[in-house]
Amino acid sequence: MKTIVLALLLIITGSSFGQKYTLSGTIRDASNGEDIYGATIRVTNLSNVGANTNAYGFYSLTLDRGSYEIEYRSTGFEAQSFQIDLLENISKNIELDIPSDVQQLGEVKVNATKENNNITSSGMNVTRFDPKSIETIPVLFGEKDIMKTLQLTPGVKGAGEGNAGFFVRGGGVDQNLILLDEAPVYNASHLLGFFSVFNSDAIKDVALYKSGIPAEYGGRASSVMDVKMRDGNTKKFGASGGIGLISSRLTLEAPIVKDKGAIIISGRRSYADLFLGLSEEVPDDTKLFFYDLNAKANYRITEKDRVFLSGYFGRDKFGLGDDFGFNWGNATGTLRWNHLFSKKLFSNTTVVYSDFDYEFNIGSGNDGFGIRSSIQDWNIKQDFTYFLNNNNNLKFGINGIYHTFKPGSLTGKNESFNELILFERYALEVGAYVQNEMKIGSRLNIMYGLRYSGFNLMGSGNAYDFDDKGNKIDERSYDSGESIAYHHGLEPRISMSYILSESNSIKLGYNRNYQYMHQLSNATSSSPTDNWVPSSNNVKPQIADQIAIGYYQNLKRNMYRISGEVYYKYMANQIDYRNGAQLILNDEVEGDLVYGIGKAYGLELQVEKKKGKFTGWLSYTLSRSLRQFDDINDGKEFSARQDRIHDISIVAMYKVNNAIALSASWIYYTGDAITFPSGKYEVAGTTIPFYTERNGYRMPDYHRMDIGFTWYMKERKKFEHNLNVSIYNLYARENAYTITFEDNPDNLLETQAIQTTLFKLVPSITYNFNIK
Amino acid sequence: MKNIFYFFAIIALLASCQKVIDIDLNEANPTPVIEGNYTAEDSTVRVKLSLTSSYFNSETSNFINDANVNITDDSGLISNIPSIGNGMYELQSYIPNFNTTYTLSVSHDGTTYSAQCDLLDTVSLSEITYEYNPGGFFGSDAGYLVFLNFDDPINISNYYQVVLSLNGVELNALNEIFTQDDIFSDGNTVSRPLFGGDFFQIEDTVGMELRSIDQDIYSYLNEAISIFGSNSASSAAPGNPYSNWNNNALGYFSAYGNSRKEIIIE
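Residue numbers (our numbering), protein chains in the order written: chain F, -18 to 753; chain P, 27 to 292.
Honestly, the hints are just simulated from the structure, not real lab data. Some clues are possibly wrong.
With a straight-line Cα cutoff of 20 Å, these simulated EDC-like cross-link-like pairs (lysine to aspartate or glutamate) come out [said to hold, decoys possible]:
1) Lys217(F) - Glu69(F)
2) Lys450(F) - Glu53(P)
3) Lys287(P) - Asp144(P)
4) Lys617(F) - Glu53(P)
5) Lys285(F) - Asp573(F)
6) Lys521(F) - Asp573(F)
7) Lys753(F) - Asp240(F)
8) Lys45(P) - Asp727(F)
9) Lys45(P) - Asp724(F)
10) Lys453(F) - Asp135(P)
11) Lys453(F) - Asp208(P)
12) Lys45(P) - Glu715(F)
Quick caveat, the model's predicted, so the values are computed rather than measured.
Extracted from the complex, chain F is given alone in its bound form (with noise of 0.2 Å):
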């Protein structure tokens, strides 16, 4: 009997009682010590068990003393495997190396190990791309732009030629949260979205978050696109760059001290004007470019202690002599402090400032004047993550931020104007949130959390009332840090998944998100002048629900994937204007804001094929967007600008041999909804268009093929460099960027409809270098 007693007590001690030991420590890329986003730490003889690195590149996995089998996996590297017995809590810090054979055509490639982390991660609908993945895909000028790539994935729209910004799942442009190294970033576009702020060379990293955003983000409707920068070589200095017909970039990175610290600086330059003095209908003296710059550095004092500081600072110009200019531009800085309180306990300390502005000169001399507009954050931010065990990963944090709006002042140089300053206006926007990635069997992981957020509009300046119609019927005035108007919010999230087999699972996403700061754009082409506005006593936060469903299936040991998803979002207190509204330079602009609801639902398929010489992917959206106002369109719901109900991508990249790769691309949806004319009338003798109804009518539908050429140079050990050709638009489709309408020069009793075409083929040369 005691002996059953004794074995007993053993058998539970050694069970759920037996000492419980922590592997820790980062995962790098050997070739220059980056931390590895997203690794996978396996282990291989205990099912469903194991750990992904964080964004800092750490692990924490807990487990009963005993014997392990470890693996360290991550896409593009070679895994490796390590016996570790875990008789005492033990630091591993591995450094992961690029499977030699791939090394040698300078492109990081999927390894031909197993891959589905697609079908067993919890996190629902995240698009991720590393940037030298899509190096080949062919794109506008030649300048290969992450964002554009995105724009081809299922679900992700881009807002057309000539327009910023992308739509996700029927959502408008402001609805994205646009994040780089965690400072929101309020315009993502140079030359007016021909290119995006990110310049790929200086980018680590970019994840989606199409549906089930974690708890962590918060502050947009729709989407959280979060960019992270790289962290600069640590091992030896390096330099990389492109020159092309457009825009040339250089990127230097070196360690500070060895294994310790680096310091990364990437530039970019545009020269799109020279061009345009080619063309003798523009004046000689016009300015047109942008310029960026990345910088980043980090040090790690100890083991225990990271710091990162991090800015990104663009700015587009544009001018005509003096009778003109504009320019608009980001800047935003961001410093980090990474510390490890416990094996288990992870903390990242945030202080981010953030600035968009712009500014117009417009005539000389005593008749010009000057506008300027911006808008500023400071925002502080604690973030922990808790490895509370192996079956339960806790995040949870705070942040505030402190946003000022400047919508804009003038001035003048001549006495015939006052100097106007549009009021300022101050807010505080908290989040809090608690979320928790747990597993339970081998088969579930669920995401969950809560976010808590609230915005405060605070004084000093004025609050006005309007009547149904908008005439402002009262004013009140604030002191400074008095309250305007409070809102606040609970925001569930959830995201799970389960694995029906090793290839294939389903997954299921819910988020509520709320959004307190709106921007205003006119209907058909968005600018850097479109303001954001703050939640206010007129204006209520924008509230999105979605519920998503998704099947995903790897192929023939994960060469393809296959997924299909379905979703369903409801949007409250969307907002647009009044016919005629007046959005620059308007104190009273809440009198021309009118709110309604939004629905949004589609189905997004793909087939990605991963590996092997020819890769890329086929994807299908079907899909509606719709809006619903009282003082729209007689109440009637009506289509979103959006409202794209099929859209296609089909992404082929083929890699002939070792120096070359071809690739081509094209892209389909059914045009834009737009608001036409049903009719006209005259009056002071000029043709007026009559208008029935909003976005009754189509754009033709968008189609455009896209082919590159990269021809790999020969390669020396510390060189490597390639030729990049591409041909934009490649059949010269004459793609509506405007349709107008006007009277017949000719024949003034005649109507006519002109379509306004921007890009016919465009072809475009880029040679980059890299010195390793």
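Knowing the structure of chain F, use the given hints to seat chain P on it.
Chain P alone, transformed into the frame defined by chain F:
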């Protein structure tokens, strides 16, 4: 604010092509369009009545000659405005009473439409000045740029419509007129260059008319200008301009006083 959209003109310059296309547009039900002007200067009320037509229709407008048109003053006195054909109705010697409200009403096909407008005090033009401009701005030829000069009355919101004339021909189409408010210039001596169209040349006789209009008309004109040619790049939301007519009639009713000057450029 039109100037801001020079910016979009550059986009148009980058454009590789423009072409006339065929588009199927719906046929809206014909809707009455009422353009009413009561000009204090000649004490005349002029009303033009027509119906909307389909967009690509090249016929002249469908005039309405059989409507009953009346104007009512502040005291409730109703005066009939007789038809003079081609959709026009005219009442002469209708003596203005400033700072009062006039109501215009039109009965047609069993529906009565009405609109109200305030006739406000007239602000005087001080002078027309001009300045040589070497041109070159968006391909314009050199010439003379004229300036609007007037003293804005302080502490009142004023709204203006400016109509130029060249050698006796009024430039009064929507893309030729100018609007001005005093949000940025209340109580100031205003001197504003009137950009738009071609510059004037030596020996041109340039006339300028400053109309003192009410706020609704000012908004109407700006909205109409912004959708003129349906250049939606400059319009937040394309729609019919907000009209002071009720019952969904299109157009406007404006009662205004004006001040004129004329010069010869030399």
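Hints, verified against the model:
1. For a cut-off of 20 Å, the pair hint linking Lys217(F) to Glu69(F) is broken: about 35 Å separates their Cα positions.
2. In summary, the hint linking Lys450(F) to Glu53(P) is not supported, as the alpha carbons are separated by about 29 Å, beyond the 20 Å threshold.
3. Under the criterion of a C-alpha separation no larger than 20 Å, the hint pairing Lys287(P) with Asp144(P) is inconsistent with the structure, at around 24 Å.
4. Distance restraint check for Lys617(F) and Glu53(P): the Cα-Cα separation of roughly 19 Å lies within the 20 Å cut-off, and the hinted pair is therefore satisfied.
5. The suggested pairing of Lys285(F) with Asp573(F) is violated, with an alpha-carbon distance near 53 Å, which exceeds 20 Å.
6. For the given pair, Lys521(F) sits about 14 Å from Asp573(F) by alpha-carbon distance, which is consistent with the 20 Å threshold.
7. Of the pairs offered as hints, the one joining Lys753(F) and Asp240(F) holds, with about 16 Å between alpha carbons and a cut-off of 20 Å not exceeded.
8. Between Lys45(P) and Asp727(F), the direct Cα distance comes to roughly 15 Å. Compliance with the 20 Å bound is thereby established for this hinted pair.
9. The suggested pairing of Lys45(P) with Asp724(F) holds, with an alpha-carbon distance near 14 Å, which does not exceed 20 Å.
10. Restraint check for Lys453(F) and Asp135(P): not satisfied, since their Cα atoms lie roughly 36 Å apart, outside the 20 Å limit.
11. Distance restraint check for Lys453(F) and Asp208(P): the Cα-Cα separation of roughly 18 Å lies within the 20 Å cut-off, and the hinted pair is therefore satisfied.
12. For the hint pairing Lys45(P) with Glu715(F), the CA-to-CA distance comes to about 10 Å; that is within 20 Å, so the pair holds.
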